[in-house]
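*Asks:* Residue numbers (the working numbering), protein chains in the order written: chain H, 1 to 349; chain U, 1 to 191; chain S, 1 to 109; chain B, 1 to 542.
Hints in this document: simulated from the structure, not taken from any laboratory. Backbone N, C-alpha and C fix where the C-beta goes; we use that ideal spot for every residue, glycine too. Treat the hints with care, since some could be wrong.
Derived DMTMM-like pairs: lysine to aspartate or glutamate, alpha-carbon spacing no greater than 25 Å straight-line [stated by the list, open to error]:
no., chain 1, residue 1, chain 2, residue 2
1, S, Lys35, H, Asp252
2, H, Lys107, H, Glu97
3, B, Lys287, H, Glu53
4, H, Lys249, S, Asp32
5, B, Lys526, H, Glu61
6, B, Lys187, U, Glu164
7, H, Lys56, B, Asp423
8, H, Lys56, B, Glu70
9, B, Lys287, H, Glu67
10, B, Lys345, H, Glu53
11, H, Lys221, H, Asp259
12, B, Lys187, U, Glu31
13, U, Lys40, S, Asp32
14, H, Lys273, U, Glu31
15, H, Lys112, H, Glu260
16, H, Lys56, B, Glu523
17, H, Lys286, H, Asp252
18, H, Lys134, H, Glu53
19, H, Lys112, S, Asp32
20, H, Lys134, H, Glu97
21, B, Lys345, H, Glu54
22, H, Lys47, B, Asp423
23, B, Lys187, B, Glu530
24, B, Lys345, H, Glu67
Restraint-style ranges between C-beta atoms, simulated for each label pair [as the list claims (entries may be wrong)]:
no., chain 1, residue 1, chain 2, residue 2, range
25, H, Phe38, B, Ser52, 27 to 35 Å
26, H, Phe38, B, Asn18, 42 to 50 Å
27, B, Ser475, H, Thr58, 40 to 48 Å
28, B, Ser25, H, Glu61, 39 to 47 Å
29, H, Glu61, B, Ser475, 44 to 52 Å
30, B, Ser25, U, Gln158, 30 to 38 Å
31, B, Leu28, U, Arg159, 38 to 46 Å
32, B, Tyr123, H, Asn63, 43 to 51 Å
33, S, Leu24, H, Ala276, 45 to 53 Å
34, U, Leu90, S, Gly20, 45 to 53 Å
35, U, Tyr98, H, Ala79, 53 to 61 Å
36, U, Ala44, B, Ser52, 52 to 60 Å
37, H, Tyr193, B, Leu428, 28 to 36 Å
38, B, Ala327, H, Gln288, 48 to 56 Å
Here is what each chain is made of, one letter per residue.
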Amino acid sequence: MWQGFPIRPDQASTIARGVDHLYYFLTAVDLFFTALIFLTIFYLAIKYRRRSEETKATQVEGNLPLEVIWTIIPLGICAVTFLWGSSLFIRNSRPPEASTEIFVVGKQWMWKLQHPEGPMEINELHVPVRRPIKLTMTSEDVIHNFYVPAFRVQKDVVPGMYTSIWFEATSTGRYHFFCNQYCGTNHAVMGGYVIVMSPDDYEQWLSGGIRGESMASAGAKLYEQLACITCHGTGKGPPFVNLFGSQVKLSDGTTVTADEAYIRESILYPSAKIVAGYQPIMPTYKGQVTEEQILQLLAYIKSLGSGGASQPGKPSSYPPKLEGGAEGGGNQTVGGQQSPATVPVPKGP
Amino acid sequence: MWVFLATEVMFFGGLFTAYILYRNFYLSAFETGSRLLNVKIGAANTAVLLCSSLTMALGVRAAQLGKKKLLITFLVLTLLLGLTFIGVKLGLEWRHDYLEGFAPGVHWTFHGTDSRHLELFFCFYFFLTGIHALHMVIGAGILTVLIIMAGRGRFSPQRYNPVEVSGLYWHFVDIVWIFLYPLLYLIGGRY
Amino acid sequence: MVGHVVHKRLYILVFAALIGLTALTTGVAFIDLGKWNTLAALAIAVCKASLVVLFFMHLRWSSGLMRMVLLAAFVWFAILVALTLSDEFTRQWTPVPSSWQGQVQQQAR
Amino acid sequence: MGTAVVEPGIESRVHYLNASYGIKSWLLTTDHKRIALLYLASITFFFFVGGSAAVLMRLNLISPQGALLEPATYNKLFSMHGIIMVFLFMIPSIPAVLGNFLVPLMIGARDLAFPRLNLLSWYVFVVGGCFTLYAVIAGGVDTGWTFYTPLSTTYSNTNVISAALGVFIAGFSSILTGLNFVVTIHKMRAPGLTWFRLPLFLWAIYATSIIQILGTPVLAITLTLVALERVFHVGVFDPAVGGDPILFQHLFWFYSHPAVYIMILPSMGVVSELVTAFSKKRIFGYKFIAFSSVAIAAISFLVWGHHMFVSGQSVYAGIVFSALSFAVAIPSAIKVFNWTATLYKGSVSYQAPMLYALGFIGLFTMGGLTGLFLATLAVDAHVHGTYFVVAHFHYIMVGGAVMGYMGGLHFWWPKITGRMYPDGWARLAAAIIFIGFNLTFFPQYMLGYLGMPRRYAVYAPEFQVLNVMSSAGASILGVGYLIPLVYMVWSMRYGPVAGPNPWGAKGLEWQTPSPPPTENFEETPKVTEEAYAYGTEETQVA
Chain H
1 MWQGFPIRPD
11 QASTIARGVD
21 HLYYFLTAVD
31 LFFTALIFLT
41 IFYLAIKYRR
51 RSEETKATQV
61 EGNLPLEVIW
71 TIIPLGICAV
81 TFLWGSSLFI
91 RNSRPPEAST
101 EIFVVGKQWM
111 WKLQHPEGPM
121 EINELHVPVR
131 RPIKLTMTSE
141 DVIHNFYVPA
151 FRVQKDVVPG
161 MYTSIWFEAT
171 STGRYHFFCN
181 QYCGTNHAVM
191 GGYVIVMSPD
201 DYEQWLSGGI
211 RGESMASAGA
221 KLYEQLACIT
231 CHGTGKGPPF
241 VNLFGSQVKL
251 SDGTTVTADE
261 AYIRESILYP
271 SAKIVAGYQP
281 IMPTYKGQVT
291 EEQILQLLAY
301 IKSLGSGGAS
311 QPGKPSSYPP
321 KLEGGAEGGG
331 NQTVGGQQSP
341 ATVPVPKGP
Chain U
1 MWVFLATEVM
11 FFGGLFTAYI
21 LYRNFYLSAF
31 ETGSRLLNVK
41 IGAANTAVLL
51 CSSLTMALGV
61 RAAQLGKKKL
71 LITFLVLTLL
81 LGLTFIGVKL
91 GLEWRHDYLE
101 GFAPGVHWTF
111 HGTDSRHLEL
121 FFCFYFFLTG
131 IHALHMVIGA
141 GILTVLIIMA
151 GRGRFSPQRY
161 NPVEVSGLYW
171 HFVDIVWIFL
181 YPLLYLIGGR
191 Y
Chain S
1 MVGHVVHKRL
11 YILVFAALIG
21 LTALTTGVAF
31 IDLGKWNTLA
41 ALAIAVCKAS
51 LVVLFFMHLR
61 WSSGLMRMVL
71 LAAFVWFAIL
81 VALTLSDEFT
91 RQWTPVPSSW
101 QGQVQQQAR
Chain B
1 MGTAVVEPGI
11 ESRVHYLNAS
21 YGIKSWLLTT
31 DHKRIALLYL
41 ASITFFFFVG
51 GSAAVLMRLN
61 LISPQGALLE
71 PATYNKLFSM
81 HGIIMVFLFM
91 IPSIPAVLGN
101 FLVPLMIGAR
111 DLAFPRLNLL
121 SWYVFVVGGC
131 FTLYAVIAGG
141 VDTGWTFYTP
151 LSTTYSNTNV
161 ISAALGVFIA
171 GFSSILTGLN
181 FVVTIHKMRA
191 PGLTWFRLPL
201 FLWAIYATSI
211 IQILGTPVLA
221 ITLTLVALER
231 VFHVGVFDPA
241 VGGDPILFQH
251 LFWFYSHPAV
261 YIMILPSMGV
271 VSELVTAFSK
281 KRIFGYKFIA
291 FSSVAIAAIS
301 FLVWGHHMFV
311 SGQSVYAGIV
321 FSALSFAVAI
331 PSAIKVFNWT
341 ATLYKGSVSY
351 QAPMLYALGF
361 IGLFTMGGLT
371 GLFLATLAVD
381 AHVHGTYFVV
391 AHFHYIMVGG
401 AVMGYMGGLH
411 FWWPKITGRM
421 YPDGWARLAA
431 AIIFIGFNLT
441 FFPQYMLGYL
451 GMPRRYAVYA
461 PEFQVLNVMS
471 SAGASILGVG
481 YLIPLVYMVW
491 SMRYGPVAGP
501 NPWGAKGLEW
511 QTPSPPPTEN
521 FEETPKVTEE
531 AYAYGTEETQ
541 VA
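In isolation and in its complexed conformation, chain H is listed as follows (with noise of 0.2 Å):
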């Protein structure tokens, strides 16, 4: 890389050297026929420029072979390119199954990103060096979009559902993140750092500082405060144990996965979708909880116990049998990452 003019950022994640090639060949191809095009044009309007009003062309109407060659290689290359570049994005976009999950909420025009250990940053993001980190992202107002250039990726955050990129980041160092989808008055201004440490000094900084309580452990205590515990730990509403990712029976007759989504939407708009065998009794939470503390919920319920992941490839029915899901919280994995916080596992009286 030239000192002082770049053409292109650091490469630092995993993802970011693939990127890069491809880039590379596209912009060969690219010169090539720029100046395939540029110098034929160049060569031609020399060679048969007018060299007297009495000039005559000669007419030649076309070939066939020609026109056959030119509409053949464009369409190789592109079948290249597309199939290079499709494979490429579809292991991008697929995080690995150890990643950490970090939790990220847009709104204007600010970013906070919270770590499942605890601590809640705002537009700075502090995270280990080699190792996968997931961010599941929302939106509290208006599209945005979360871009780390250093890493070659971004995603847009969109309010009302959750998207997620992940990257493993190579090399330590502070790299610049921007919101990438205009999002009104300070939009250029919505960015920060992504901090990359060793993981020494990640531990350091996790356990230095302002050390809040884990995720799931704040999702514990709303279960308590919101009162959700007064049915669902009680037999009236559905058990959170081993809930998530496994397959829900709803009252329609249909099933569901009980990913982040549909959890989301059963917070908030809980006549939505009314698990089979239960009284659609639940009121709204829309303006009680904020995206973050939604956020907390999800990792409280995803500490005790996901269904998807307990027998994988064979998923549990859900809802479970009330005694049996009991030993379920505790030591469950957070996103693959040990649960620093031991949840209590509210019973029903």
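The hints should help you fit chains U, S and B onto chain H, whose structure is shown.
*Replies:* Then chains U, S and B, alone, in the frame of chain H:
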């Protein structure tokens, strides 16, 4: 004119796309919403509109044959039927839905199961029928002009293109309703 | 420029068919056919629309050009619907995994 | 050249410009040529309004902290720049000005199929323009030209409704124009003018009209929904009631991607005319260019999802749209190769229109090829929404479409006014525009890959060098656009008389006097030869 109708197809097409999408997302709410509409009035109005299409077609035929009086009669009939449709739609149905509190954003009092998706259904209900009614009103205006022109003897078997073109427009609006009626009123089932 | 003059009786017949179909579609809605309700309603609507287009709008006697225009409009509408839905209905799918193992899980669910 | 010589040939003859006088004779005209000039005046006005917004933006970006504007002002400027340039300049530019003027002339007709509808569409356009200008004067819009929900429906406090209404109304003007062209080209061709004898410009205009007719209504209904949602605070894109903001993007891009081809296709048509006329040669591969226009129009409706690769759209839809987007590259490549091959063994001369045409081919090639980066999923996931995109579409729209428009305007200027512009100045301006353009937008490709997001009023200091380069280029580009304005206006009165066919070009429009009489042709011409029949016989001069 056919080219213009192609434009209109895409105009309603955008709305229908959105409708199809949300209906699949929120099936039960849309079915509930559909059951809240008055199917009798809907069916009656469909019949009224079909009648007006018939009189319009007969009107075009009268113009082709150069029967001036018959043409005016049929045009007036078409206009009256069209106005009946608009009257029933806006005066009766919309008023009723509004009073019941089914007007999203303006007067919404429904607080049952899945209220917000129902709101979405009623958004579509008002947008779709509203834009359709707007087309009807424009159609009524065109008919009025045609009646005046016919009264002045502007049309003949050689020159009746405006009548025919307006006829196409009127039938197109009819077709839109032919799709709206089942999509809005019947899709939830009445059993 | 007198176009095709259609006999009055044909119009009346078509009209009768339209009213009949309206009654039918309303009636069908009162019978529980499950998924077939929607399909029946739409099929009947398509029949009715075709009747109007073919007879009232004289498409039966029009040139091929008109038919092409109409066809184009519907093809374009189909493009809009199909490609939009191709996104919306596949959004929950997870991308094909590197190891293909997740795919098996996906199918098992 | 500098003196005003009153040639008898132009002043004594009755033609469309001097057939009648007075404001009323212009405002109530149904003559397609006069309507074309009405459009020319209005879009030139909008071009300079939009252009001055761009100049202010570039000035602001000289410094990372923003040299002179508040972020809110900057946001309004780029929204205004986008809305005005796209909807009020680019989309009507070639179709409504050159198309209006040339379609009847090229097919040997007296006027368009619906002359009054044509006038109506100009008025509709002006009303749409007024709504948009009102939105600007009343405090601006800050949603960008894309009107993304829920920013536009719920969170923006600016004049979204009147801007959306303006675009909506201008859209109807575009629909009416397209409709008029389609019917005219179908029904009013001179005897002997079969489809495969049509000038390629008409093929391009025809393909464009199809897009206008089938695409614009979807934008209209979408913006209606946005406006209704703003008024009633509840609507179909609102996430609060379960609506999907991404659905808006689908509906928006269903029109707005093909809209890019509304801008570029007519330009491609113009270039086909210019390259043949100035190399005195038949076009290479007529049918390939003609069908590639239609193919581009059709495929353009299948690719809109490439604007949404990182929007939360499903990965599978992304793959489908990516494949379809590559498909549109093929017909574009075919065109470029055929134009280049047309020069082969020609007799090439370099008047200003040809310089614009060659500039078009070069810049369009670069713009088109960088489109491949954006159609490639993995690369787009990095450069999406950055200055790379900005550079790419400016290469297509300004480097491509505006170059073509300028070339066409120069080429047919003698036909429109009956007088020549000073060719030396015109060549100079063409060169300045080409250089200024590349200086402005090439650095933006690099900025984009470095990761500078678009629509930023202030930016990180690491991007400054390239931004300053770009701003410097913009000032050259601005000068480049002002020169033609001056000499074109000058030539209307003082330019030397051109004669019916100053370029020795083929095509029916050159067989009638310049400026043409109101009824275009004394008698309906009969066509007996293919388009671009250069070299068969000497061009007849009427």
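*Asks:* Given the hint that Lys249/H pairs with Asp32/S, test it: the Cα-Cα distance must not exceed 25 Å.
*Replies:* Holds, because 23 Å separates the two Cα atoms, which is no more than 25 Å.
*Asks:* Does Asp252/H sit within 25 Å of Lys286/H, going by the straight-line distance between their CA atoms?
*Replies:* OK: Lys286/H and Asp252/H at ~24 Å, within 25 Å.
*Asks:* Indicate whether the distance between the beta carbons of Phe38/H and Ser52/B respects the range 27 to 35 Å.
*Replies:* Because 32 Å falls inside the window, the suggested range holds.
*Asks:* Do Tyr98/U and Ala79/H keep their Cβ atoms within the hinted range of 53 to 61 Å?
*Replies:* At 57 Å between Cβs, range holds.
*Asks:* So the hint says 42 to 50 Å: do the beta-carbon atoms of Phe38/H and Asn18/B match that?
*Replies:* 45 Å, holds
*Asks:* Could you tell me whether the CB distance from Tyr193/H to Leu428/B stays inside 28 to 36 Å?
*Replies:* About 48 Å separates the Cβ atoms of Tyr193/H and Leu428/B, which means 28 to 36 Å is violated.
*Asks:* Just to be sure I understand the hint, the distance between the Cβ atoms of Ala327/B and Gln288/H should be within 48 to 56 Å; is that true here?
*Replies:* 50 Å, holds
*Asks:* Need the status of pair Lys134/H, Glu53/H: alpha-carbon distance at most 25 Å?
*Replies:* Roughly 70 Å separates the two Cα atoms, so the pair is violated.
*Asks:* CA of Lys187/B to CA of Glu530/B, is that 25 Å or under?
*Replies:* Measuring from Cα to Cα gives roughly 19 Å; hence the hint holds.
*Asks:* When you check the alpha-carbon spacing of Lys56/H and Asp423/B, does it fall within 25 Å?
*Replies:* 23 Å, holds
*Asks:* Taken at face value, is the distance from the CA of Glu97/H to the CA of Lys107/H at most 25 Å?
*Replies:* 29 Å, violated
*Asks:* Need the status of pair Lys112/H, Glu260/H: alpha-carbon distance at most 25 Å?
*Replies:* The hint holds at about 18 Å.
Checked against the numbered hints above, the structure violates hints 2, 3, 8, 12, 16, 18, 19, 31, 33, 34, 37; every other hint is satisfied.
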